[in-house]
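> Following the hints, position chain D against chain G.
Protein chains in written order, with the numbering used here: chain G, 11 to 411; chain D, 10 to 270.
By construction, these hints were calculated from the structure, which means they are not laboratory data.
Be aware that a few hints might be false.
Okay, derived cross-link-like pairs now, BS3-like style, lysine-lysine, Cα gap no bigger than 30 angstroms in a straight line [said to hold, decoys possible]: (1) D:165 x G:50; (2) G:312 x D:82; (3) D:266 x D:208; (4) G:59 x G:239; (5) D:174 x G:21.
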Amino acid sequence: MTSNKFNYPDKEGFFGEFGGKFVPETLMYALEELENTYSKLKDDKDFIKEFYSDLSAFVGRPSPLYFAQRLTDKYKSGNIWLKREDLNHTGAHKINNTVGQILLAKHMGKKRIIAETGAGQHGVATATVAARLGLECHIYMGSEDVRRQSLNVYRIKLLGAQVHAVDSGSATLKDALNEAMRDWVSNIDDTYYIIGSVTGPHPYPMIVRDFNSVVGQEVIKQSNDLFNKMPDAIVACVGGGSNAMGIFYPFIEVQETRLIGVEAGGKGVSTGEHAAPLNDGTPGVLHGARSYLMQDEAGQVKDTKSVSAGLDYPGVGPEHSWLKDIGRAEYVAVSDDNALKAFHVVTELEGIMPALETAHAFAYLEPLMKELDSSANVVINVSGRGDKDINTVAEIDGIEF
Amino acid sequence: MNRLTSTLSNLKANNQKALVAYLVAGDPDMDSTLDLMHIFVESGVDVIEIGVPFTDPIAEGPTIQRAHDRALKNNISLKMILSLVDEFRKSNKETPIVLMGYLNTFISHIDLVQATGKDGIDSILVVDIPGELNLETYGISNPNINTISLISPTTKENRVELISKNSTGFIYYVNLRGVTGSSNLNISEIENNISRIKKYTDLPTLAGFGIKTTEDAKTLAKFSDGIIIGSSIVEMINDSSTTKEFGRIGQYIMDMKVAIS
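Chain G on its own, in the form it takes in the complex (with noise of 0.2 angstroms):
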């Protein structure tokens, strides 16, 4: 399922210094039984045809690369295209993954699913591929996520899962992950827990980002097909970094291709308020990989800070961790007033409304534009549509429905 020569993992699950697998004991046969699988099937070709089968027929792949004229206008210094996740069923790139992985717990004789989430796309992609099975599906939820995320909350309600929220810690995604941990570790027998990112222990990051790499292989022939050559830049935004590792991963070896990743500037990230590990953090432990994390220094995880709860996650993918250092990625951050800024100027411009998360990738358009010449091609991963988040917005706004 991979092309690519930048063949990390290595066997112990390490991108460089950074990933590995740091669980509880109970936990490792679990990661061992996962591994096993993943490593049969990977390259079996009746569970490839059944993946590639389920993206086209039930997520409606490939999305369209789309060319936005009145962005591009606005800017006038390149083209801007558009990588249309948004378009998939249920809404973004989450569900890539996901089908891919009730596939693994399928072949695992899994009964019971369970997924944490923050913005709640991955609950929903969760509890959609869970509702196509018929299996029991769990989804841990922060409880402040909870609040400002209700529509998806009622989605994953109407699509037959529980929706346990979560009061611990900042109530936010990171404390959705530590619950849907101690569950997993309470249930280990019967539950496949779905991660929802290309964070936690090997082998999940090596796992999701192969899922959703399918984002960036079309990428690559959509932009042979309508511009000829590679794009000059890749912008997605990273949270936990599942969407941008998507897109990035055909593309390490294109080193013409810039790829650069928007993390959660929050309210600036001199502030220290925001959730930019990459920006402004430094190499830690925390759901089972070594990545770079914001944390005090003695080790605390500290709190974040974003509008959108997709992006508000104090640790990032370990495989970025390594991109950043080896300099192969550029990493940077977009504050939450910019990224309001930029869900407003794309749902007016392009008729497209762009979740909060990435809304971030659209706003770092107004410093990358300026560096480009009009010949060159930028492609935006568009991550997910934006309806879920229309009470955040309209709430900043000062509008009552």
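Just chain D, lined up with the frame of chain G:
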């Protein structure tokens, strides 16, 4: 010989079982923790296990999670815990002390851990590293400190062997599939697994997680080298966090000691 190793081998030589008691440093405050450590010893505890608070303790159930949160509100750090141990050692040089916590707090304080002398902590138990790895992998190679590894009901035979070879203090057998403070011990499974561990190592194997009653303690002591009690003590500490009257905890520990004798 390390204080922990000699304590456990003395117990074994006298055909006695080890009683390990857990608390979270700084819950409800550091003075109480110091008092409680002395109460533990006076009540018959053989080894003190100090939980190092962490923001994301994924192996803990709600009781110990909340204790971590309370301690973090007091800004308890590993540095402060090592000072607490120094204070304790002024009047107690005999009782072994194990720090139990998560990798990130230990690797953030490698220099301090490396600098710890003979009269400090005796062992570190990192909950979130695979059992076949030891502290040296992470830059901790202090001869005064040994490594305790966990083996769980889901650990496969080949890894039981690897982990047993790698442990130095004792083997911590996790009684159940779950977090700390869970219930429903499967006694026959525990017995089978501990005897499986004993095929590979002469190290003492202690049973922890889910032990609440003197009955549990008595049963498990029959086929283990000792037991570890955590959540039930932490619960009692919380109940007494305002009155600071910890007498009930002393009584509970004495009852446990009798049960395993």
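> Hint by hint, which ones does the structure fall short of?
none
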